[in-house]
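Position in the sequence shown (first residue = 1) + 18 = this note's numbering.
No lab work stands behind these hints: they were computed from the structure.
There's no promise every hint is true.
What the hints assert, rightly or not - Calculated lysine-lysine pairs in the DSBU-like style (CA-CA distance at most 30 Å, straight line): (1) Lys307 to Lys454; (2) Lys232 to Lys348; (3) Lys318 to Lys348; (4) Lys318 to Lys232; (5) Lys524 to Lys454; (6) Lys454 to Lys517; (7) Lys554 to Lys454; (8) Lys524 to Lys307; (9) Lys166 to Lys318; (10) Lys554 to Lys393; (11) Lys554 to Lys166; (12) Lys393 to Lys378; (13) Lys152 to Lys554; (14) Lys393 to Lys152; (15) Lys519 to Lys378; (16) Lys318 to Lys454; (17) Lys519 to Lys447; (18) Lys393 to Lys517; (19) Lys152 to Lys524.
What the hints assert, rightly or not - Label pairs and their computed distance ranges (CB to CB): (20) Arg443 to Leu156: 26 to 32 Å; (21) Ile150 to Val128: 44 to 50 Å; (22) Ser338 to Ala380: 50 to 56 Å; (23) Ser357 to Arg469: 38 to 44 Å; (24) Ser338 to Ile150: 44 to 50 Å.
Where a beta carbon is used, it is the ideal one built from N, C-alpha and C, also for glycine.
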Amino acid sequence: MAAATATGLDLAAQEGAQQRRSTATNQSADDDVTTNADGAAAAPSLKGTTADTNGTSNGNGNGNGNVDEDEQTKALRKAFTRKYRHVAALHSQARPSTLSHDSEASPSFVGFRNLMVIVLVVGNLRLMIENIQKYGVLICIHCHDYRKQDILLGLLLYLAIPCHLFVAYLIELLAAQQARNSRGYFNRGRTGSSRDGSTSPTEDESRRFVSTWKLIALVHGINVNSALLITTYTVYFHIHHPLIGTLTEMHAVIVWLKTASYAFTNRDLRHAYLHPVKGELDALPELYKQCPYPNNITMKNLCYFWWAPTLIYQPVYPRSGRIRWVFFFKRVAEVFCLSVCIWFLSAQYATPVLVNSLDKIASLDMPAILERLLKLSTISLAIWLAGFFALFQSFLNALAEITRFGDRSFYEAWWNSESLGVYWRTWNKPVYQYFKRHVYSPMLGRGWAPRTASASVFLISAVLHEILVGVPTHNIIGVAFMGMFLQVPLIILTAPLEKRKSPTGKLIGNSIFWVSFTIFGQPLAALMYFYAWQAKYGSVSKMGYATSKAALTN
């Protein structure tokens, strides 16, 4: 290596000497270059090199000699660096550690993220192997108790429930005809008024409208509530299987909400049609001018609302240009695959945990119950996330695509919620928008306080949740009701965290949200309803019967 270095320096020195001989200054460079005993030229000093660089030019007379000498200087420095490797100043400035708070640049933690994913995959893979070794394969298509009566009643209710929506259409059709007649009567009865919006409704007109609306509202109320009551009674007393009962009850609740929205929206549109006060018509959305009242009261308009992926009735919706069939079939495939995944997780993993929890709950073994609850939380979280994606991303997008429904904002980034209030506003936007439009905003307009209006929304939602869970499981125990209604104080407690701009506050709020739902929310409710079901129909009731029989025998 030393010989190579000397040879490189010799070539560099010879090239420099040749250039200096061609300059017009004829300066001597004897002091700048020294020769060793073997005739090899040693490296010139940096001072001499700088002097030569400042006063030389190339043979063509151009003034680019400075560039050549700069390159020569860099080459010499590089050669020195290669020669003196043990003297490099590696500690040349004060620098903090990468993870210190005073570090200028924030480090990337992508590697730790990859590690967490690997640990998560490996840990769950171990649990899967352990589950198979302990219980075997629990998947059994023919083991479900689907009674013929349950299937027939479920199909009958599925066909009968939408009939109440068409009854609401007939009610609104008669109301629209009455509105046309009333508007003609009012126009003829007013002298000197064109009813162009320049006058307000008279007291007699307002009285007539209120009395008519009360009658229409009464008929609507009987129709919409009978749909929910008939379905609830049939499911609770005649449909045994909880899955069929849940699907039927959910269908009834959706139609109940849609029918109420259809009635409330047309009520306001009819009021604006009968009393076109100047300025009020401008308050109606511009979109509605494409189909003004009463032109929207048609069977085609109602059928579209029936199948549209929304709970809120509008005469007109934003529409997409065409149906993308590839997109549609992809969403359908996602729904199918995720449904199979949910079924597999429920049968293979959730069921053993729930069954093994029965004796712990019966004996009130709190440490064992907590262990079962934590074990169930992981499974319920996976089922919940799969269900969310299957419903809000896949199913609703498939339905929106086939109906060309344009507004597909069915959810927002609820997983980043800083508080429970943010979660309830972002994770299920169709329901949130429904209650905001038909319950919260009308109550504020009538002078109610915002907290009272919010409590009313959660009260109605709590009742519906208890109907959706308690009726199909034939156990009205109030767990779903309390789980929803107790969200009100939790929202109030976590609201300050939502307003904090610091990352710590947002982190605490998001952690409270996840803990409340993944540990003390859904898993606890699942344990309670499963125990209530088993106490009424399954192993717990049989265990109690056997205990009582043994006591009587003794």
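Evaluation of the provided hints:
no., hint, result
1, Lys307 to Lys454, "holds, 23 Å"
2, Lys232 to Lys348, "violated, 47 Å"
3, Lys318 to Lys348, "holds, 28 Å"
4, Lys318 to Lys232, "holds, 27 Å"
5, Lys524 to Lys454, "holds, 25 Å"
6, Lys454 to Lys517, "holds, 21 Å"
7, Lys554 to Lys454, "violated, 38 Å"
8, Lys524 to Lys307, "violated, 43 Å"
9, Lys166 to Lys318, "violated, 35 Å"
10, Lys554 to Lys393, "holds, 25 Å"
11, Lys554 to Lys166, "holds, 21 Å"
12, Lys393 to Lys378, "holds, 14 Å"
13, Lys152 to Lys554, "holds, 28 Å"
14, Lys393 to Lys152, "holds, 15 Å"
15, Lys519 to Lys378, "violated, 44 Å"
16, Lys318 to Lys454, "holds, 27 Å"
17, Lys519 to Lys447, "holds, 25 Å"
18, Lys393 to Lys517, "violated, 34 Å"
19, Lys152 to Lys524, "violated, 41 Å"
20, Arg443 to Leu156: 26 to 32 Å, "violated, 39 Å"
21, Ile150 to Val128: 44 to 50 Å, "violated, 33 Å"
22, Ser338 to Ala380: 50 to 56 Å, "holds, 54 Å"
23, Ser357 to Arg469: 38 to 44 Å, "holds, 39 Å"
24, Ser338 to Ile150: 44 to 50 Å, "holds, 45 Å"
Checked against the numbered hints given earlier, this structure breaks hints 2, 7, 8, 9, 15, 18, 19, 20, 21; the rest are met.
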